[in-house]
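Dock chain G against chain D, hints included.
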Amino acid sequence: MPTARSIRSKWQKVTDYLGNYLFLLPVVVFFSAFSLYPIIRTFHMSLYKWDGMAPVMEWVGLRNFRLIFTTDRIWWISMWNAVKFALLGVIIMQSFSLILAFMVDRGAKAAGFYKVVFYIPTILSAMVVGYIWKWIYDPYGGILNHLLSMIGLPHLTKAWLSDPSYSLISVSIASMWSGFGYSFLYFLAALKGISQEIYEAARVDGARSWQVLTRITLPMLRPVITVITILTILGAMQLFPLVAAMTNGGPGFSTQVPVMTIYTECFKNHNYGYAGAMSVIFGLILLVISLVQIEFSKRYTYY
Amino acid sequence: MNKNLYQIDLPEEIPLRERLSRISPTFIKETFLLLVALICLFPLMWMISTSLKSTSEAFTSYSLIPKAWKFSNYMEAWRQADFARYFVNSLFYTVIVTLSVWIISSLGAYAFARLEIPGKKVIFYIIIGSLMVPIPGSFIQLYLLMNKYHLTDTRLGYMLPLISGGLATSIFIMKSFFEGIPKEFEEAARIDGCSKFGIFSKIMIPLSRPAWATVMIFTALATWNDYLWALIMFSRKERMPIQVGLQVFQGQYFTKYEMLMAGTAIAALPVILLYIVFQRHIIAGVMAGGIKG
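Keeping their order, the protein sequence lines are chains D and G.
Add 923 to a position in the first sequence, counting from 1, and you land on the number used in the working numbering.
Add 12 to a position in the second sequence, counting from 1, and you land on the number used in the working numbering.
Bound conformation, chain D alone (with noise of 0.2 Å):
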């Protein structure tokens, strides 16, 4: 028989959890309902053909699947869209905020003025600097062409954004302006997270610079270097808003993006289905790119 003392501190150790719970719950309903309903669902919908109005979604099974990997010539050109804007995001602007950072590590003269004059773009919608950038490539009043012809170079003019061949690049270009900001500050905090005294060491050790900068710095930073790989192609590969004000996909296909893709699909052509295998197959390919990344990165590194 239970005592009515234990019975009373059992009870209350149950109101104990349960006021903890209050605590939880707001997080729990909002992320239930909101985040992980619609990721579920998601997976779900890609087994059905549905347009949006029937009462009754059709089970497919895997056919969406099928369609896609074999008909769907938009939606591979998009993917490849997104590969290239990933390429160029990890090679161009990774390097290119890297090499900053190790200036301005090294002692510049302004250093807090640059780390918040490069952090300005990364700030901005994606509209507006969409907005902005379109009106620099103008062909007609754009600044850019202008430049271009003030210091001698007229025969590089473009109309950059109606362009096929530089239709790509010149949103890339934009949209790596408005993010390397972002990188640089995270580089720059790694690079001042690894202590002088190991620095020193190899320098009494006889390292010269180019040593300490591959035998020491980078490694260093591997890890770093692996997470704003990660998040520099998942950016690039969900690029939407930037290129919806840029160029909405064209010309032709040229800028075309997945998610831009998937929207069509589902609000246009009302695929409800179709679009969810889409991102379906999509989140795949971001899961399995992070789980290779963090995989090359950790057989890699040796400290």
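Heads up, simulated DSS-like pairs for lysine-lysine below, C-alpha to C-alpha not over 25 Å straight-line:
(1) D:Lys1191 with G:Lys249
(2) D:Lys933 with G:Lys133
(3) G:Lys41 with D:Lys1115
(4) G:Lys208 with G:Lys195
(5) D:Lys1007 with D:Lys1081
(6) D:Lys1221 with D:Lys1115
These are calculated hints, taken from the structure and not from any lab test.
Please read these numbers as outputs of a predicted model, since none were measured by experiment.
Only chain G this time, still in chain D's reference frame:
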């Protein structure tokens, strides 16, 4: 006489290569950094400059200083394009979403950091894990969900997912901050008979001001700048936020860029003001890691 003196100091016969090598690396570095800073600022200056020109001047003059200073562009954008409404809408959404994220995420973060809850680790990893696996198309399901409960085209339906979307990062930041606060504070309060909520609101919240200031700033930026979800949610103009409202200046065949730039400047202004006021906080927040602004 003077000329000769100079010649002694710097003979002209120095070969080019040597003269180049005399340009110090520091000079090159500083020039390069200044150039990058200029590239960061110039598009914004160009936006302001264009927004103050007339249509014909915008397309014919490349001067950074406008000839006529047409401040009336701003008045026109504000009135004619119903910009006042968009602006107020955005302001409303930003304030509500930011406050909600602050309250909900700090409650949750406190629970994750300090309270005894069976299964909280699992919940925490699911929430953080959602940051790692973005399903970019899940906005479709969100839209269908809102549609089902007749929340499309409503302010509430727009804000609920934005609040939810801000939670994961905010909880992450707040939780690690709470964990750094010594437990003695809470124990002392408990002995004095303070309730759990009392400890949270009277001790933890005041102590964690730097953390929630970061959370609030970044949530505000993200909410003000949201475009995709607003595009999906709203078909009626009355409730659209400013990022979608900017489209009104985009002509089908011809864009009046001085008007578009005036609108863009209005849309960017609050964010730039926020940045000027909180720049130290924002930079420190990014450098502490884990925040994508």
